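> The chain contents come next:
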Amino acid sequence: MRKGLFSGIFLGLALLAGPAAADDPGVIRLGAAVSLTGKYSSNGAFTRKGYDLAVEKINAAGGVTVSGKPYLLQIIYYDDESTPARGAQLVERLIQQDKVQFVLGPYSSGLTEAIAPVTEKYGVPMVEANGAAISLFRKNYRYLFAVLSTTDEYLRGAVDIAARLSGDPSKLRVAMAFENDPFSQDVREGVLADMKRHGMKAVVDDKLPPELNDMSATLSKVKALRPDLLLISGHDKGASLAIRQMADQRVNVPMLALTHCDSARIAENFGPAAEYALCAAQWASTLTYEDDLFGSASDYARLYEETYGEVAPYQAAESSAAVQVYADAFARANSLDPEDVRQALTETAMMTFYGRIEFDETGKNVAKPMVLFQMQDGKYVVVYPEEFAEAKIRWPTPPWGER
Amino acid sequence: MLDNLLLFVQFPPLAVDVVVNGLLIGAIFALAAYGMALVWGVLNIVNVVQGELVVLGGYVTFLLVQWGMPPLIGVPVSAIVMFGVGWVLYRAIVFRVVDKDIFISILATFGLAILIQQLANLSFGADVRSVDAGLGSLHFLDGMVTVAWVKLIAFVLALVAGASLWFFLRHARLGQAIRATAQNPRAARILGIDTARVYATTYALNAALCGAAGSLAVMAWTIHPYMGLPYTVRSFMVVVVAGVGNVGAVVAAGLGLGALENVAGFVLGTEFQIAFVFALMVTILVWRHLRAARRREHLK
Numbered sequence: 001m002r003k004g005l006f007s008g009i010f011l012g013l014a015l016l017a018g019p020a021a022a023d024d025p026g027v028i029r030l031g032a033a034v035s036l037t038g039k040y041s042s043n044g045a046f047t048r049k050g051y052d053l054a055v056e057k058i059n060a061a062g063g064v065t066v067s068g069k070p071y072l073l074q075i076i077y078y079d080d081e082s083t084p085a086r087g088a089q090l091v092e093r094l095i096q097q098d099k100v101q102f103v104l105g106p107y108s109s110g111l112t113e114a115i116a117p118v119t120e121k122y123g124v125p126m127v128e129a130n131g132a133a134i135s136l137f138r139k140n141y142r143y144l145f146a147v148l149s150t151t152d153e154y155l156r157g158a159v160d161i162a163a164r165l166s167g168d169p170s171k172l173r174v175a176m177a178f179e180n181d182p183f184s185q186d187v188r189e190g191v192l193a194d195m196k197r198h199g200m201k202a203v204v205d206d207k208l209p210p211e212l213n214d215m216s217a218t219l220s221k222v223k224a225l226r227p228d229l230l231l232i233s234g235h236d237k238g239a240s241l242a243i244r245q246m247a248d249q250r251v252n253v254p255m256l257a258l259t260h261c262d263s264a265r266i267a268e269n270f271g272p273a274a275e276y277a278l279c280a281a282q283w284a285s286t287l288t289y290e291d292d293l294f295g296s297a298s299d300y301a302r303l304y305e306e307t308y309g310e311v312a313p314y315q316a317a318e319s320s321a322a323v324q325v326y327a328d329a330f331a332r333a334n335s336l337d338p339e340d341v342r343q344a345l346t347e348t349a350m351m352t353f354y355g356r357i358e359f360d361e362t363g364k365n366v367a368k369p370m371v372l373f374q375m376q377d378g379k380y381v382v383v384y385p386e387e388f389a390e391a392k393i394r395w396p397t398p399p400w401g402e403r
Numbered sequence: 001m002l003d004n005l006l007l008f009v010q011f012p013p014l015a016v017d018v019v020v021n022g023l024l025i026g027a028i029f030a031l032a033a034y035g036m037a038l039v040w041g042v043l044n045i046v047n048v049v050q051g052e053l054v055v056l057g058g059y060v061t062f063l064l065v066q067w068g069m070p071p072l073i074g075v076p077v078s079a080i081v082m083f084g085v086g087w088v089l090y091r092a093i094v095f096r097v098v099d100k101d102i103f104i105s106i107l108a109t110f111g112l113a114i115l116i117q118q119l120a121n122l123s124f125g126a127d128v129r130s131v132d133a134g135l136g137s138l139h140f141l142d143g144m145v146t147v148a149w150v151k152l153i154a155f156v157l158a159l160v161a162g163a164s165l166w167f168f169l170r171h172a173r174l175g176q177a178i179r180a181t182a183q184n185p186r187a188a189r190i191l192g193i194d195t196a197r198v199y200a201t202t203y204a205l206n207a208a209l210c211g212a213a214g215s216l217a218v219m220a221w222t223i224h225p226y227m228g229l230p231y232t233v234r235s236f237m238v239v240v241v242a243g244v245g246n247v248g249a250v251v252a253a254g255l256g257l258g259a260l261e262n263v264a265g266f267v268l269g270t271e272f273q274i275a276f277v278f279a280l281m282v283t284i285l286v287w288r289h290l291r292a293a294r295r296r297e298h299l300k
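Going down the list, the sequences are from chains A and B. Okay, so the first sequence: first residue is 1 according to this note's numbering, each after it adds one. Okay, so the second sequence: first residue is 1 according to this note's numbering, each after it adds one.
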């Protein structure tokens with residue numbers, strides 16, 4: 001009866017492993033509610049592929065050794081349908097019914113925000129890779145650990161570059177168009193703090209509506225005011241619209257920086273119109289990071305591409321890193337008690353192909369910087385931070401008439 | 001807000017740019033709104049699935065371009081494909097709610113909208129899609145005023161579609177049948193008009209108009225599976241303002257809405273653009289109500 005029920009519910013890996021594996025002593029079960037349907041389905045799929053790839057790799061290398069005994073990792077997945085309430089419910093179920101004691105995060109800050117109170121209530125650690133909202137780390141959660149950089153970091157690099165390139169940062173005029181949602185407003189907060197420090201002036205500060213389908217009003221303003229730096233954040237649609245309409249309206253700015261341009265595939269979709277754009281990203285396959293499991297960042301990217309037949313997005317890379325963090329913590333804790341593992345997680349200090357991972361007391365990773373790509377000749381090239389850069393930034397962007 | 005207004009004074013061509021771009025956006029709203037007016041007037045259905053039909057039309061063009069066709073071919077092809085989709089939707093679902101209460105039709109088409117959103121997400125993914133028509137843009141006055149060719153084509157096409165729709169309803173046999181059915185379905189049936197076919201054709205025609213609008217939208221902007229609502233809301237609003245029986249008024253209201261919306265977005269900030277649309281709608285409804293009340297007073 002129980003067997004039948006379980007195999008009916010479990011998805012993917014859990015199904016392959018079969019319900020009999022549930023009580024097998026050599027298995028550590030991790031649970032995750034990720035978005036396989038709904039508006040986050042593409043990114044949810046990346047998250048899952050990242051988790052799966054790391055689990056396969058770790059298991060192939062013999063699994064994790066805890067008090068002298070080897071354990072294999074296994075993930076139980078549920079589909080949260082991209083809805084926060086569903087995500088919280090499913091994690092409750094993972095903990096209560098499936099007796100999972102270690103949770104991997106969902107995709108997006110909104111879902112992480114919904115799930116964190118549940119894992120906190122049961123004292124179950126959650127290592128997440130796709131919830132970057134700064135608000136998550138202001139609630140004194142004890143069991144939440146994030147491997148990625150927080151949202152306020154996203155476009156700070158662009159402000160930094162602009163300040164360095166100009167002789168006098170206090171003369172710089174900045175235009176901002178940020179979607180009116182928690183993610184983009186966090187990005188704005190980080191940018192504003194740095195602008196203030198440099199004494200830069202905001203000439204446009206528009207909040208884009210979530211149901212955005214046209215940016216021409218904002219872009220007309222930019223065209224008239226000629227700022228030195230234009231910053232845009234509005235998920236995939238914001239990035240796509242900005243590139244499309246800036247070309248159509250021939251808006252000239254010396255420097256443009258955006259979020260989400262890799263997931264919006266601006267290079268593939270818009271070609272020359274996307275040239276010179278700076279894109280904030282958590283990770284790039286051309287960075288020089290390395291670890292023992294996956295090798296270098298580019299090794300990871302190659303493995304991912306061979307396995308899934310698509311270019312490795314950073315969402316997958318950070319998800320893989322989250323599983324590595326767990327494996328590392330299990331081994332160091334030498335125990336499978338959630339409390340011991342939590343303690344080990346707080347002491348994490350490791351290098352991965354995804355970057356350095358060290359958590360501060362709020363659980364966010366403070367050891368890894370954000371990177372900025374620039375679109376150069378149809379390719380995404382890392383230009384920031386300078387110690388990991390592949391090429392120099394092309395600046396200023398020539399006006400449309402000369403491109 | 002004041003500094004945004006001052007920008008208009010400092011750069012007068014900017015005002016032209018904002019208004020012209022608004023008018024061109026309005027043309028695409030008008031195209032979708034014709035269809036809504038038609039369905040509302042003839043079938044007495046508020047078609048909440050309007051925006052999703054627009055999005056589907058966009059996906060048709062997107063697929064065509066993926067298969068290597070030139071983007072502009074997408075406009076007629078999307079219209080034809082969506083005509084078929086509209087016909088099937090009517091025969092399968094919509095005909096069941098035609099003579100029911102208007103709230104039932106709203107619920108039914110709302111459900112249909114959710115279904116189409118999810119199906120689009122399943123088949124095309126949640127990614128934001130766009131098609132580069134490769135036509136570039138015109139620019140005047142030192143680059144201050146820019147008009148994308150795609151939007152200009154959309155504008156002309158919307159006017160042409162409006163004119164042909166008007167001509168079709170007035171002079172074509174089927175158009176006359178549609179108008180007759182709209183006026184009195186029972187009498188039309190008695191006089192030998194196949195009203196079921198008229199309804200199906202009207203609904204399919206609406207879908208075709210949406211298809212053309214979607215095809216233009218994917219070239220001028222972007223689409224994704226959940227993009228439908230803004231188009232539904234604007235169509236609804238245009239029809240509420242213009243009424244169901246007047247193609248010319250729909251064009252005027254569509255263009256006016258586009259221009260006003262863009263100016264509002266510029267002056268008040270983009271975050272208030274949609275709020276402005278709704279505030280405008282409420283104002284117009286209240287004003288109409290008061291005017292109608294006064295007229296009733298007069299008749300007493």
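You may find that some hints are simply not true.
[Stated by the list, open to error] Computed list of chain B residues with no C-beta within reach of chain A, every gap over 12 Å:
(1) PRO70
(2) VAL77
(3) VAL97
(4) ASP127
(5) ALA133
(6) SER137
(7) VAL150
(8) LYS151
(9) ALA204
(10) PHE272
(11) ALA275
[As the list claims (entries may be wrong)] In the EDC-like style, the derived pairs of lysine to aspartate or glutamate whose C-alpha atoms are separated by at most 16 Å in a straight line are:
(12) A/LYS201 / B/ASP127
(13) A/LYS39 / B/ASP3
(14) A/LYS69 / A/ASP328
I should point out that these hints are in silico values taken from the structure, not numbers from a laboratory. All values reported here derive from a predicted model rather than from experimental measurement. By construction, the Cβ of each residue, glycine as well, lies at the ideal position given by its N, Cα and C atoms.
> Now tell me if each hint is right for this structure.
Hints, one by one, checked against the model:
no., hint, in the structure
1, PRO70, "holds (16 Å)"
2, VAL77, "holds (21 Å)"
3, VAL97, "holds (27 Å)"
4, ASP127, "violated (6 Å)"
5, ALA133, "violated (10 Å)"
6, SER137, "violated (5 Å)"
7, VAL150, "violated (8 Å)"
8, LYS151, "violated (8 Å)"
9, ALA204, "holds (25 Å)"
10, PHE272, "violated (8 Å)"
11, ALA275, "violated (8 Å)"
12, A/LYS201 / B/ASP127, "violated (34 Å)"
13, A/LYS39 / B/ASP3, "violated (37 Å)"
14, A/LYS69 / A/ASP328, "holds (15 Å)"
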